[in-house]
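2 protein chains.
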Amino acid sequence: MEKLKKYVSVKDEDHFYHQGAVELLIFNFLLILTILTIWLFKNHRFRFLHETGGAMLYGLVMGLILRYVTKSPDVESGTVYECEKLKSGPSTLLINITNQVYEYQYKREISHNVNGHQGSTMLQKMTFDPSIFFNILLPPIIFHAGYSLKKRHFFRNLGSILTYAFLGTAISCIVIGLIMYGFVKAMVHIGQLKQWEFHFTDCLFFGSLMSATDPVTVLAIFHELNVDTDLYTLLFGESVLNDAVAIVLTHSISIYSPKENPNTFDAAAFFQSVGNFLGIFAGSFAMGSSYAVVTALISFMHLTKFTKLCEFPMLETGLFFLLSWSAFLSAEAAGLTGIVAVLFCGVTQAHYTYNNLSPDSKMRTKQLFEFMNFLAENVIFCYMGLALFTFQNHIFNPLFIFGALVAVFVARASNIYPLSFLLNLGRKQKIPRTFQHMMMFSGLRGAIAFALAIRDTDSQPKQMMFTTALLVVFFTVWVFGGGTTPMLTWLQIRVGVDPDEDLQARAASQSAPNLDKNTTKAESAWLFRIWYGFDHKYLKPLLTHAGPPLTSTLPEWCNPIARLLTSPRAYGDQLKDGDTDYIINNDELTENYESSAHIPVPAQDSTASIQATGKEDIQEGDLGLGGYKLQLQHTAGQPQKNSLA
Amino acid sequence: MEKLKKYVSVKDEDHFYHQGAVELLIFNFLLILTILTIWLFKNHRFRFLHETGGAMLYGLVMGLILRYVTKSPDVESGTVYECEKLKSGPSTLLINITNQVYEYQYKREISHNVNGHQGSTMLQKMTFDPSIFFNILLPPIIFHAGYSLKKRHFFRNLGSILTYAFLGTAISCIVIGLIMYGFVKAMVHIGQLKQWEFHFTDCLFFGSLMSATDPVTVLAIFHELNVDTDLYTLLFGESVLNDAVAIVLTHSISIYSPKENPNTFDAAAFFQSVGNFLGIFAGSFAMGSSYAVVTALISFMHLTKFTKLCEFPMLETGLFFLLSWSAFLSAEAAGLTGIVAVLFCGVTQAHYTYNNLSPDSKMRTKQLFEFMNFLAENVIFCYMGLALFTFQNHIFNPLFIFGALVAVFVARASNIYPLSFLLNLGRKQKIPRTFQHMMMFSGLRGAIAFALAIRDTDSQPKQMMFTTALLVVFFTVWVFGGGTTPMLTWLQIRVGVDPDEDLQARAASQSAPNLDKNTTKAESAWLFRIWYGFDHKYLKPLLTHAGPPLTSTLPEWCNPIARLLTSPRAYGDQLKDGDTDYIINNDELTENYESSAHIPVPAQDSTASIQATGKEDIQEGDLGLGGYKLQLQHTAGQPQKNSLA
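Each protein sequence line maps, in turn, to chains E and F. Add 17 to the 1-based position in the first sequence for the working numbering, that's all there is to it. Add 17 to the 1-based position in the second sequence for the working numbering, that's all there is to it.
Some hints here could point you the wrong way.
[To be verified] Rough simulated footprint, nothing fancy, chain F against chain E, three-plus residues with beta-carbon under 8 Å: (1) 38–46; (2) 249–261; (3) 295–306; (4) 329–335.
[To be verified] Label-pair distances were calculated between CB atoms; the ranges are: (5) E:L57 / F:F551: 30 to 36 Å; (6) F:N60 / E:V311: 49 to 55 Å; (7) F:S307 / E:L57: 19 to 25 Å; (8) F:W507 / E:L314: 56 to 62 Å; (9) E:I82 / F:F551: 38 to 44 Å; (10) F:V311 / E:M457: 53 to 59 Å; (11) F:V496 / E:L314: 33 to 39 Å; (12) F:V311 / E:T506: 38 to 44 Å.
Hints in this document: simulated from the structure, not taken from any laboratory. Treat the numbers as computed from the prediction; the structure is a model and nothing was measured. Think of the CB as a built atom: it goes at the ideal place given N, C-alpha and C, for glycine as much as any other residue.
Please construct the entire structure, taking both the sequences and the accompanying hints into account.
What follows is the structure, given as structure tokens:
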């Protein structure tokens, strides 16, 4: 009893004082510092350090302080106990200590450097669970990328983006894998590494995780300077899809297990991995889109048969948020890739659900995701900085790190230049040499590479990969991120481009839409014309109140069903929708989204947000791959139509 | 090596598949269900089940399913291992298993019912760390309460609210403690309990945690029906402050440790506890307000000397959010009470910082906190439902539960009726009998009681308290929460009251402001006139751009400092501020806040949010305890002034 009492009182104190509060406070403090710094930089138009770079820097300093100032090693943690009966490490350990059973949870494997001095309790607490990254911090970032995708420009460059994302990432993965295998062989040769530690699959694993580019710094500068829209779209589209590809690739490689010698090539296992890749990608895509379709249907329902959910913007926003997050979680739970699911969920939500939301909810969802993206991104970069000093099992191997830097650079080059050459054979609007150099330069590594590396740090090879990935992220974010503005000047890439004007000018110079002889382009146009027709005729009317009513698009014998599924508001919109003058408002969502985020509004000028609210009411148009000229003429001819919306 | 390989591959699978995703998905699913249900209920104006009650119900059902359907006991967890050398349970355990060191983290003490069948892995995963409640879920709820406090009505009833909150909670705590002590004695008498398990301090501890009322259900219905503003304010104010008092009380009691027999009264220890209570309360109050003052100063700086942070609403919102949360975390880290700190931080932020924010940030912060409050509240209530079946160490003792229900009821009665009687002696505007009955009826228990109980479930008495607290929450939320509307009808309390009209009518009927003979009232008025003068003359000009410039309020020799600290905009506002016609806009924040939350706006009507944005620009007035009539005459006489703002 005496023991119990004492034990309880000790626990009490721990419970009532700052359980986890100090750790969170440190993050808050770092984020506050970062925000104040960004504010200062923005005022002085200083563009050499992006907020993420700043967050990382502060994290680094804080990690250094925590590491060398708070030297309060946990006395107990130094002692290693032996339990004869235990043969393996169970996830939950029940231990009988002086007739009282205590439950312990598995945390990690300590493979080397077990000494009490290195791991102060504080440091241990600052390293949080990788599952927090994957389940809580990453989804808002990826969703935001999908939700704010500039659809019009994206689809115009879809072929190139897909090529860079799929083929390019595969090339990058293989090149990094091969180069690293070479370095590993060299390291074994000079005795730095034992042969068995690194298989070729491990090198490929490293290659796939290092292939996820994250040019958030570059894109922020591009946006601020209004860099050429095509370049922006190519880079943004590539980086968004490339993350998805790299994640699925990493997953596929990690479950590739050849039956015999891991260094030989096993065709069956290889094709199984390829199949896995395709299956996981398609499955995640389907999962993400179906959640978005469900959201669109629910938010559509209130507009029609049922009463209005949009009368309660809080519920609407909540539902939107929860269903989008569920897309991620369901995919993860089903063994698919949540990141891919939430990315396509975001794209689909923007395409369908956004049209059904009440004006208030449109604003709320945009601001909410924007805010969550901002916070999550900075938390991750702060944490990266911290991790350099707080992570306990770093393995710094200079040769491996040097090899990784070389590999990343070579891999990026063998991705961008050959593919750009091939694409230019097919593209009418060539990708200029300067754009290729800029894309080459923008191969920054960031949150996804880090998250993939930290997901598994149980064995020594994985720990070495983690350390190396972290350093590559630091190097690329600071060096390439900081060099973006000088590079733009040096390459003489045009800035200050208005995306809409750009598109208009290009549409005007392009005489006949979709009638070029070029096969690649014609094919993708053909594919998208079919998709566009299907989307416009069936999906949009079914899922939103934009587009023609189903009664006019479905065959006559379907009329009863069509009538049942059509919103009464769609009938009213019939006249408006016949015209195509909404296309110009296609990027309404994205524009407002980003304008509220970045473009400074004069202080105390409440008209800015009023305008934003008012503008959103205009329905987002459908995507069209061709026929810009026609649409633009419509708009120019009947400007009063727009004001009716 | 073979072992390592196998181990890694097993871990890999665990890492890549749904680590934590399923648990989060279950919560998401429950919340989605809850939102859809609320939506249905709101449409049918069904008020017997509030969203929180619904969330709890769904949680309960899900807990039942998880408990009895997922019968997959973890094979390993059933085995209890022995470690001879271990003498106590360290927080981190390093264990050598077949020459590999693994780290395990302390989870809990298993005091009874150790059998493999009861604890499936799923159930274990669903019970999350109490520190998540305290550090992440509770702060937004409490901050939101402070930020949305109807200041005008609150200060008018401040005396009564403070009496109920401080004296009432103390009475409630002691009464529950005494009654429970009686029940415990009885239980010992009939042999259900061993004497040593329950001291009188434990009973007081239980009393203090059960004293935190949470009438969220009742308040939501009050708001929807526009129940009498005084009743609403009394109940809301009491419940907000009462949480703070109960938390500090619980903390003080838990650290009360008499030197000798725990059942005897130790005067020194008692006074130390009282001192602790006062110190912690005052310290937390100071901590919370100073963070808010810092936020106000930072957001004020951009308006004046430095360039504009309000040009970047995202940074402004982020800073506001992080500093408010830091108030909570710093208080916790300093051994104070975060809830109290964040509450007063919210009140102060609304009073000062809100005036400095850009219109966009005003809207963003309101919507953000509203949304977080909504989510956090429903997550907590869902979790309470789940906890009934997923928590592993419940101790159901019918007599103790019955005792607790009786005690809660009696304690509420001995809080409300005697204090109302005393207050009515001093109040000009008496608290009618029906209001007292309604307040008695609204003594629901909720999130805070649960959070305090779950914070410590290490020993058997604490586990019994937790189980009992949980059941009391269920009972009061469903029975009293569901009975609110019938009770309002039965007591014939007036509904459909417009708060502003109500205040005007009352002000008009009140002839001479602050000249009543009543001592209690005069005293508090005197106190508040001093505070009001100080706030209006020095704090408001220093922290916001509302109020007269410091140059006119400070003595002449301070002019250089005053000029340095005064916003250029304040000079411009000088003329306007001389008038008192802003007082009527005092509750601008609260009104807009709640109108956007609850009052349905017609679908597709974007004017509603435009108006809200526009209106915020009007400066929030200062609080005044008297002189309503004068101010109202001003407003009535010069309506054009208001439109200038």
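Check: Quick check: the segment 38–46 of chain E, covered by chain F? Criterion 3+ residues, Cβ under 8 Å.
Finding: As far as the segment 38–46 of chain E goes, the hint holds, because 6 residues have Cβ atoms under 8 Å from chain F.
Next item on the list: May I ask you to test the hint 19 to 25 Å on the CB atoms belonging to S307 of chain F and L57 of chain E?
Entry: 23 Å, holds
Notebook entry, point to check: Within 38 to 44 Å or not, the Cβ separation of V311 of chain F and T506 of chain E?
Noted result: 40 Å, holds
Item checked: Cβ distance range 33 to 39 Å for V496 of chain F and L314 of chain E, holds or violated -> 37 Å, holds
Note to self: When I compare C-beta atoms, does the segment 295–306 of chain E have three or more residues closer than 8 Å to chain F?
What the structure shows: The restraint on the segment 295–306 of chain E is violated, since only 0 of its residues have a Cβ under 8 Å from chain F and three are required.
Notebook entry, point to check: Range hint 30 to 36 Å: satisfied by the CB atoms of L57 of chain E and F551 of chain F?
Noted result: 33 Å, holds
Note to self: I want to verify a distance hint. Is the separation of the beta carbons of W507 of chain F and L314 of chain E within 56 to 62 Å?
What the structure shows: 42 Å, violated
Margin query: Given the hint of 38 to 44 Å, is the C-beta distance from I82 of chain E to F551 of chain F inside that range or not?
Written below: 40 Å, holds
Next item on the list: Take the C-beta atom of V311 of chain F and the C-beta atom of M457 of chain E, compute their distance, and say whether it sits inside 53 to 59 Å.
Entry: 45 Å, violated
Margin query: Using a Cβ cutoff of 8 Å, are there at least 3 residues of the segment 329–335 of chain E near chain F, or does the coverage claim fail?
Written below: holds (count 6)
Check: Against chain F, does the segment 249–261 of chain E show at least 3 residues with beta-carbon separation below 8 Å?
Finding: With 0 residues close enough to chain F, the hint is violated.
Checklist line | Distance restraint evaluation - N60 of chain F, V311 of chain E, Cβ atoms, bounds 49 to 55 Å | finding: Cβ of N60 of chain F to Cβ of V311 of chain E: about 20 Å, so the range 49 to 55 Å is violated.
Of the numbered hints stated above, those contradicted by the structure are hints 2, 3, 6, 8 and 10, listed in ascending order.
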